[in-house]
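Undergrad: Sequence:
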Amino acid sequence: MSEPLPTRRTRKEAATPPVPTLPAAEAAALAAALPEAPTSADASDPERLPTAQLEMAAFGDHVIPYVPPAPPPPRSFAPWALAAAIIALLAALFTGWLVPLGVVAAVLALVSLRRPRDNRTLAGWALALALLSVAFSAGWLIWGFSQLAVV
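Heads up: the sequence shown at position 69 corresponds to 69 in the UniProt record's numbering, and the numbers run straight through without jumps.
Heads up, none of these hints are tricks.
If you anchor each label on the Cβ, the simulated ranges turn out as follows:
| id | residue 1 | residue 2 | range |
| --- | --- | --- | --- |
| 1 | Arg114 | Tyr66 | 30 to 36 Å |
| 2 | Ala24 | Glu47 | 19 to 25 Å |
| 3 | Pro69 | Pro116 | 18 to 24 Å |
| 4 | Ser2 | Pro50 | 40 to 46 Å |
| 5 | Tyr66 | Val111 | 31 to 37 Å |
By construction, these hints were calculated from the structure, which means they are not laboratory data.
Ideal Cβ positions, reconstructed from N, Cα and C, are used throughout, including at glycine.
Can you build the whole structure from these sequences, using the hints too?
TA: Okay, here's the thing in structure tokens:
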């Protein structure tokens, strides 16, 4: 049979010149004079230097896992309820036809009071002003319809 194809290792060994060796006495004296070399962290590879790159570096515990950002909290209904209640109250001072706006403001204020992150003070004021605007509008409508009945 023919010879097997040469591998990289056999070609490398054939290309490198042999390393000169010291006599045993000189090698022992030199080894005694040198400090003890630190051992490698990986005992399976004696040629590995202690400063060599670790294969586990990219997969270890130091890698911070991706955590998606928390979604923003939903917007508050309290400012909208207060604005609608103020507009409904100002309109209720002159006419009673904006009762539905006062009812919408009251519903928004109640929804805002039930949500845990909304401003409860703002929602409380919105509810109070919305109920006041509904009362004023109802008073205007009752008075206006009573004036129509007079003949």
